[in-house]
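Let the hints inform the model, and build the full structure from the sequences given.
Chains as they are written, first to last, in this note's numbering: chain W, 1 to 166; chain D, 1 to 123.
In case anyone wonders, no lab produced these hints; they're calculated from the structure. The model shown is predicted, which means the values in this text are computed figures rather than measured ones.
Straight-line distance between alpha carbons at most 35 Å, and here's what the computed DSBU-like set of lysine-lysine pairs gives: (1) 10/D x 153/W; (2) 42/W x 32/D; (3) 9/D x 153/W; (4) 98/W x 10/D; (5) 98/W x 9/D.
Which residues of chain W face chain D? A partial, calculated answer using Cβ under 8 Å: (6) 8; (7) 15; (8) 33; (9) 123.
Just so it is clear, CB atoms sit at the ideal spot from N, CA and C, and this is done for glycine as well.
What follows is each chain in one-letter form.
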Amino acid sequence: MLAVTDLEQLYDDHAQALFGFLLNLTRNEEDTRDLLQEVFVKISRQPNLITNARDHRAYLLRLAHNGAIDLFRRRAVREKYQQEPAELFAETADPDEKAFREAVTIALEALPPEQRAVVHLKLWEDMTFDGIAEVLAVSINTAASRYRYALDKLRQRLRPLYDEIK
Amino acid sequence: MNDFEDELKKRPMRQVPSHWRVEILAAAQIAKPEPRPAWQWSDLLWPSPKAWGTMAAAWLVMICFHLTSGERREGPLSSQAGQIRMAVEQKRRLQAEIEEAAVHFARETPKPRSEISHGGKSA
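If you want it as structure tokens, here you go:
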């Protein structure tokens, strides 16, 4: 049985990472909240899931990813979120920086979700391809190639702005 | 990792809304399963469920057999048969009494006067 304090500790340690990942995948704050709650409800119901996991963060990210994929399958119209995507990055007062962050948000959104997931885990979670492969249930080669393709697309889209702020 | 990747990485993600913590943890708390009691029947039965199951089935069969045979013994048919048996017994007893009374009566009935011997008078 998982104590209340354990659940709180899990939330404090991993909720931020799960939030960023889910927001990047869904681009919708409500769905992100629902999926985040779903992850913690699942853990609360079956605490042995997390106690048996080798890497808690990786395991929770995997649950979150599975939840997001299920949501996409349930909802055929994923495009509806592309009209008003949620803010992905923290706010900034610097206008150039703000423009760049908005451009990155749009560029990430243009990627297929499976490539976006790899980019997110590699860049913002500092995970190895080995770990990413485990979270997304794909081979290491698949994870690496998805990352390469995604990064090429991002570089292409963001090059002018990137050169400017550099 | 090249400069471009480093540059992207530097952009911090938005913070998770602080009020979510209470809401999500409360929902998770509600979903928690009921604590398991210290002792359960399954603890006793678990080591040899087949043996316990067989024993329970045998007991059930015995109880069923007992109930059905008891019903037969005390059923309406058996009570009717008992009454008939009692009536027959009573009738037989009555008949025996009548027969006995008849024999006794025959022995006790006085003979006609003409048949009574009057000793010296007749000679």
